[in-house]
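If you read the sequences in order, they're chains A and B. Letter by letter, the first sequence follows residues 1 to 268 in this note's numbering. Letter by letter, the second sequence follows residues 269 to 484 in this note's numbering.
No lab work stands behind these hints, which were simulated from the structure alone. Note that the coordinates shown come from a computational prediction; the quantities given were computed from them, not determined experimentally. Honestly, I wouldn't trust all of these hints.
Stated by the list, open to error - Coverage of chain B stretches by chain A, computed from C-beta distances (three or more under 8 Å per stretch; other residues unrestricted):
1) 280-288
2) 321-333
3) 405-417
4) 442-455
5) 468-475
Idealized CB from N, CA, C, for every residue including glycine.
Each chain, written out:
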Amino acid sequence: MENSLDTALLIVGHGSTVNPFSSMPTLMHATTIRQRHIFADVACCFWKEEPSLRDALFFFRDPAIREVCVVPNFISEGYFTRTVIPRELELSGPETGRANGQVWKYCEPVGNHESMTGYLLERAREVAPGVPEREATLLIVAHGTSLNDNSAIAAKLQAEKIRQRGLYAAVLNLYMEEPPLISDWLNLTETRNVVVVPFFISDGLHSYEDIPVLLGLETAQARAESGAQEIQGRSLFYSTAIGTDSRFADVIIEQAMAQRKQVSQSVS
Amino acid sequence: MRALAQERALGDWAVKGLGCIGQIAIESLDDGTFLLSHRDDAGRADLTIHSGAEHADRLARFDDAENYRPLKTAPNLRHGWKMSLSDLEELRLALDHFYPGRLAAFFAFENGDLVTTPFRETLERQSGMYRIAAQISEEESDELIGNFCRSDGGCLRAILWRRDRIGTLPSTKLPPEKFDPGHDQAGAGGPVIPLLCQEACNLLVAEARRVVQAGR
Ligand code: SF4
């Protein structure tokens, strides 16, 4: 990996005022990336936690830092990536010049990265080791019916891509709040083995409480995440949110690097 | 790696004797390392010493009763720990976990670069579910900010923003020292690295929305 010591990385997360786990994966990925010494500085900011996006306007005040890559740690494009982040960070487009000469580059959200499909598959294999994929159904679950993001569309897209690889008996995208519903999984699936990967950035109330309940799991059971849970003659394998995967740190770096390249190509 | 300007500034503040930030005491030791503790615990010798900035996030996230702290500058930092940090880089990382963004705000302030945003402007910028927060009245704002931001029980930041563009003070219910960056908001009168508030936080905006909704 090429070093970019005139470049800083700003990872933008949603955060939460009630859920202490919401920002943890973002902070964890930042620590991982910081330890690799690829960037001059690495910081996070959040919509609902400190530091705020507005606070981030005062970060990276070092004359050696010429560029700041802003990477949204979000599953999909939507209200936050299109409205909130540009407004709060005063970004005018893919590239924004600041009064001090710094250039802030606005990158794609992590969930858009092409490697996401591979990570979902790896995650599914890890929670259901030894389960033949041909005899299993993979459920990519997301929130759905939210004005704030397009996570339902993103989940659908990922399910389609995985389906095209022809590995699993079936691949379905299910949602908490719109059909096809997670709570209908017993009717919607035919195989004995069912693997569930939440397409979320963090393990919050949704993946810890709401989705396990919709699946018919005891929430504590789901949290323990120890192999299969038996429900009505089916074996259910439940993963933590995809965003907690340590490989997300690589995706964040790649999104930052992709934007740097793209902008320098369009300039030259 | 070369120290960043922010780290060098932190070193200068330590030399100047700014030995506290919020509820944290910063001890600069002769070997160039630093020892942090809750200011209430500074004299205790019976505490576990954590080493490394990565422990700071966990300590900052929950209060003494293990409740989540959505506002890190609230005066409810947990007690009963010490933290040893090997250099300025680690000190900065740890303090950025305890008081996210505050070092950068003070650094910008010292350089004359800290831009403040009036409360009304922050509210008017909101969209989505927070848009209605802008409907809060002047009296309600005065009351809300006076209560929500107060240093005893609310938040330890010194407020630098004004309520509107004509410079109305944030709240008549707050003492003048709440707007003084040189004042130790934790009440001990020490020389401190101040926790500055350059713009209303999301929690205050959410409270303004709640006030508007409750009045409907
Ligand atoms: S607006 Fe500023 S002073 Fe008031 S609670 Fe939020 S951070 Fe603290």
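Coverage of the region 321-333 of chain B by chain A (three or more Cβ within 8 Å)
With 4 residues closer than 8 Å to chain A, the region 321-333 of chain B meets the three-residue bar; holds.
Taking 8 Å as the Cβ threshold, is the statement that the region 280-288 of chain B is covered by chain A upheld or broken by the three-residue rule?
violated (count 0)
Count the residues of the region 468-475 of chain B with a beta-carbon closer than 8 Å to any beta-carbon of chain A: does the count reach three?
holds (count 4)
Can the region 442-455 of chain B be counted as covered by chain A under the rule of three residues or more with Cβ-Cβ separation shorter than 8 Å?
Violated - the region 442-455 of chain B has 0 residues with a Cβ nearer than 8 Å to chain A, which falls short of three.
Apply the coverage criterion to the region 405-417 of chain B and chain A: a residue qualifies when its Cβ sits closer than 8 Å to a Cβ of the chain, and three qualifying residues are needed.
violated (count 0)
This entry does not satisfy hints 1, 3 and 4, going by the numbered hints stated previously.
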